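Using the sequences and the accompanying hints, generate a full structural model.
Protein chains: 2
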Amino acid sequence: MEPLVSFLTITAMPPSLGDNTADLDRLRRAVAEHLGGIEPRVAWSRVAPVAAAFRAAGFAGTAVVNHLTAGIELVDFLPGKAAGPVVMALDLGTTHLEATLLDLGSGAQLAREHQENSQICFGADILSRIHHAATPGGLTALHGAVLADINELARRLAGAAGIASAAIRALSVAGNTAMIHFLLHLDPHHLIREPYIPMVNVVEPPAAVELGLAIHPAAPVWVLPSVGSYFGGDLVAGVLACGMVQEEAVTMLIDVGTNAEVIVGNRDWLMACAGAAGPALEGGVARMGMRADPGAIDHVEYDPGAATFQYTTIGGEKPRGLCGSGVIDLAAALYLGRIIDLKGKFRPAAAGTRLVDSPDGPAFVVASAGEAADGRPVLFAQVDLDAVMRSKAAMYAILATLVNQVGVKFADLAKIYVAGAFGRHINPRQAITLGMLPDLPLATYQPVGNSSLAGAELVLRDGEARRVARELVRKITYLELNVNQEFMLRFSGSRFIPHTDHRLFPSVPFFKDS
Amino acid sequence: MEPLVSFLTITAMPPSLGDNTADLDRLRRAVAEHLGGIEPRVAWSRVAPVAAAFRAAGFAGTAVVNHLTAGIELVDFLPGKAAGPVVMALDLGTTHLEATLLDLGSGAQLAREHQENSQICFGADILSRIHHAATPGGLTALHGAVLADINELARRLAGAAGIASAAIRALSVAGNTAMIHFLLHLDPHHLIREPYIPMVNVVEPPAAVELGLAIHPAAPVWVLPSVGSYFGGDLVAGVLACGMVQEEAVTMLIDVGTNAEVIVGNRDWLMACAGAAGPALEGGVARMGMRADPGAIDHVEYDPGAATFQYTTIGGEKPRGLCGSGVIDLAAALYLGRIIDLKGKFRPAAAGTRLVDSPDGPAFVVASAGEAADGRPVLFAQVDLDAVMRSKAAMYAILATLVNQVGVKFADLAKIYVAGAFGRHINPRQAITLGMLPDLPLATYQPVGNSSLAGAELVLRDGEARRVARELVRKITYLELNVNQEFMLRFSGSRFIPHTDHRLFPSVPFFKDS
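Chains as they are written, first to last, in the numbering used here: chain D, 1 to 514; chain Y, 1 to 514.
Derived by calculation from the structure, the hints in this document are not laboratory data. Predicted model, so just to flag it, every value in this text is computed and none were measured. Cβ atoms here follow ideal geometry from the backbone N, Cα and C, with glycine treated the same way. Errors might be hidden in some of the hints.
Derived list of chain D stretches under chain Y, where covered just means 3 residues or more per stretch with a C-beta under 8 Å from a C-beta of chain Y [stated by the list, open to error]:
| id | segment |
| --- | --- |
| 1 | 41-47 |
| 2 | 201-215 |
| 3 | 290-299 |
Computed from the model, here is a short list of chain D residues facing chain Y with C-beta under 7 Å [claimed, not checked]:
| id | residue |
| --- | --- |
| 4 | D25 |
| 5 | G71 |
| 6 | P198 |
Here it is, written out as structure tokens:
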């Protein structure tokens with residue numbers, strides 16, 4: 001468990017005529033005794049501050065060393081015995097940043113903060129930001145926005161923990177390939193142009209001061225490596241965090257964001273692919289869709305006895321809209337209640353008065369105007385349902401194509417890790433009913449939370465995780481779905497509930513007459 | 001012969017859907033094929049320029065790599081096949097800087113330039129500059145002066161070679177420990193205070209851009225390591241250049257600058273010391289002393305038959321003063337002509353009319369007013385002679401103490417390398433006559449020119465030299481003379497011509513009656 005930064009307690013003999021070793025060489029020698037004889041490197045910019053601090057402390061105190069792939073770096077010296085080191089892990093998302101502050105000494109999490117990605121003013125999605133990067137000053141503005149967000153998070157994390165931002169000794173960052181290009185001020189132009197080439201996948205950690213981050217100047221910024229334009233360090237972090245690279249059994253990781261990104265494999269091999277299955281499942285397509293915030297309908301159930309629909313909202317507040325899990329639950333409940341048919345179309349006769357005309361066309365009243373938070377009914381329109389059908393079809397087709405490519409069956413998967421808000425809120429039972437996820441025992445599905453952030457934390461704590469992360473880049477085979485004929489066929493077959501071939505979903509009621 | 005910088009000819013396959021490796025990772029992979037599979041590191045600041053240059057060049061051209069102790073760094077990419085790399089070696093002297101421009105591809109020296117150290121405005125000697133460094137802004141001013149001098153030399157070298165300064169791909173620097181502290185903006189305070197401790201002896205090469213040097217921003221600045229406050233990288237360079245660390249035979253290197261610095265040893269061991277023997281020998285003490293410039297009397301001989309003195313001047317010009325070798329020759333000639341006694345005092349009866357009264361007391365007329373360049377006679381006063389006697393005594397005492405400490409005899413020395421202007425101009429015969437250098441066959445003495453600069457060139461050309469330089473620092477034992485009782489005794493015994501024990505100098509006439 002070699003942390004990215006460690007504190008070493010040093011007591012050196014003061015210099016004398018009999019031992020006139022230079023200050024910094026003396027410290028290096030003392031540090032080497034802790035490191036099995038390996039002398040740490042010291043960058044020129046750290047020579048003066050470290051040597052001066054060592055002398056000022058009376059040649060005894062705490063040495064700060066970074067454990068990098070290229071070797072061990074001595075970066076600071078503190079008087080006395082210091083607590084920590086305190087470090088920061090960051091999930092650098094397209095819409096949202098989430099970060100934690102850890103004490104690598106005690107292992108404790110000291111604080112957790114999140115905020116919107118302020119790049120949104122340059123474009124809500126990655127594509128428009130990449131276009132913005134090509135305008136004069138565009139890349140610098142995008143880069144500046146990332147730095148400002150990180151500095152703000154660092155300030156708030158440090159404030160919450162009662163320390164100075166400058167006491168943050170390392171930062172790890174998990175982000176998609178484009179976000180990492182923005183962070184590192186690298187031109188993202190070719191990321192979105194065939195054959196989709198990043199400038200770099202594996203970078204040496206710059207020091208915070210080089211990037212312009214307001215944490216400790218010598219803090220290494222350890223960026224999770226990416227595999228390609230469409231497989232970033234956020235997913236590498238997820239793979240690390242769920243532990244699938246350590247397992248002999250074949251498992252799968254599903255991360256639904258803007259895209260659905262899926263990895264299957266074990267400690268010997270890994271294959272990954274991604275596809276546009278996400279927006280509807282994140283509440284991003286439905287007209288009444290919303291993030292999983294208070295007031296979002298997150299669960300819907302159909303009671304066959306009473307032939308009624310029950311819902312719950314996040315925070316128990318009056319409903320304001322539907323989040324991703326609510327959308328999936330609702331679609332499944334509508335199917336089970338036979339309000340929609342197996343093509344995902346409303347059956348007006350069955351829906352009765354709950355089907356109304358809306359500006360978006362026919363829509364199902366999930367919550368009436370009287371129940372809703374703002375006096376407007378929560379509606380779910382046919383167009384929303386159509387989007388869900390496309391998304392669920394894409395998701396199942398992605399999963400089926402991927403496992404088929406690697407020659408395993410769904411039943412061979414020991415676990416399916418489901419990351420992010422999608423994993424946290426979704427009910428696999430309803431997703432199976434829809435035919436979005438394969439019909440496996442529910443215990444197969446395991447939510448893993450923000451696995452990008454968890455992976456970012458892991459590389460701060462563990463040198464083996466950093467080594468594996470760099471290896472993963474060579475180990476992961478990426479399956480390009482855009483040009484994949486099998487995927488297109490499977491997508492077509494998945495546009496029914498639960499599937500054209502209903503025998504694939506034995507646990508789902510099949511209504512022959514729908 | 002691994003040079004510090006090398007150019008590698010690269011032809012990579014362009015990216016495709018079948019091989020979507022990131023640009024920089026693709027280049028690293030191609031470079032690794034030249035390096036036995038070792039992938040070079042790329043600092044964050046070089047990622048964007050190198051990746052962009054590689055793509056712009058059509059994935060083929062010349063990769064620029066630095067071979068550093070910490071590993072191989074990829075720093076640039078040039079289209080097509082480039083000549084070079086061109087690099088700069090610098091002897092960073094207290095009074096004088098001397099530099100060469102080398103083409104590591106062809107091995108040719110492209111240019112050579114020198115200039116005064118512009119720090120002289122802050123103090124002529126190192127001690128006063130170290131005191132100046134302690135004043136507000138003092139260190140920064142001294143640092144800035146070094147940078148300005150190096151930039152000016154780089155500009156002139158590049159101009160002479162018809163290239164841009166930015167095409168200089170590396171710089172090596174040999175300088176004394178204080179000058180290196182000024183170059184690296186390190187506080188020199190403790191260099192001159194017991195127990196005389198440098199901030200650092202061995203530094204990682206900073207990139208030129210970090211230091212603020214106007215050569216290629218990624219050029220490594222390879223600083224010859226120092227052994228201690230009084231044994232700098234200039235001497236380490238000298239030891240490398242004369243080759244004594246490769247030899248089985250025991251040899252000695254003498255470098256006379258402000259101090260006389262002496263190293264004795266072979267490939268297995270090295271011992272060094274330094275003492276204040278220099279100024280008189282560099283023309284720095286004699287009233288008529290001058291640098292070895294045109295018009296300096298550089299050689300004086302006594303013709304016993306005619307009982308006359310003959311001199312030559314540098315450039316054959318009319319005499320203006322005496323340089324170091326002239327002073328030594330003159331003192332020896334005065335002894336052989338019996339104008340001075342074995343204590344180094346004028347014998348007025350023997351000197352006759354050539355001994356005159358001067359503002360500095362009794363003085364010997366070396367060149368009359370009529371012969372001299374500016375109508376003023378070139379005089380050599382008793383006080384000058386006293387200084388020469390102290391210097392020569394110190395020099396012999398240093399050499400004798402050092403060889404005795406390591407348990408060898410002068411006769412065991414296979415070679416005595418004599419560096420610098422002192423080595424180039426001095427006549428060992430006359431130095432032996434004075435009792436300054438031991439009475440050995442003249443062929444033992446070998447001038448080695450500017451061995452600091454030669455050593456600086458060597459580390460640019462040869463990785464083994466760089467490795468040896470870093471090892472030397474641990475290998476050299478430094479003998480502190482300030483606290484050495486034996487040195488003081490030997491110094492007293494050396495204050496006669498040639499020595500109290502004249503049997504040590506069988507080749508020197510001994511005048512019993514002096």
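Structure-based check of all given hints:
By the rule of at least three residues with a Cβ nearer than 8 Å to a Cβ of chain Y, the coverage given for the segment 41-47 of chain D holds, with 6 such residues. For the segment 201-215 of chain D, the proposed coverage by chain Y is satisfied: 8 residues have a C-beta within less than 8 Å of a C-beta in that chain, meeting the threshold of three. With a threshold of 8 Å between beta carbons, the proposed coverage of the segment 290-299 of chain D by chain Y is violated, since 0 of its residues qualify and at least three are required. The interface hint given for D:D25 holds, since its Cβ lies 5 Å from the closest Cβ of chain Y, which is under the 7 Å cut-off.
With a cut of 7 Å, the hint placing D:G71 at the interface with chain Y holds, because the nearest CB-to-CB distance is about 6 Å. Interface restraint check for D:P198: the shortest CB-CB distance to chain Y comes to about 4 Å, inside 7 Å, so the restraint holds.
In this structure, the one hint that does not hold is number 3.
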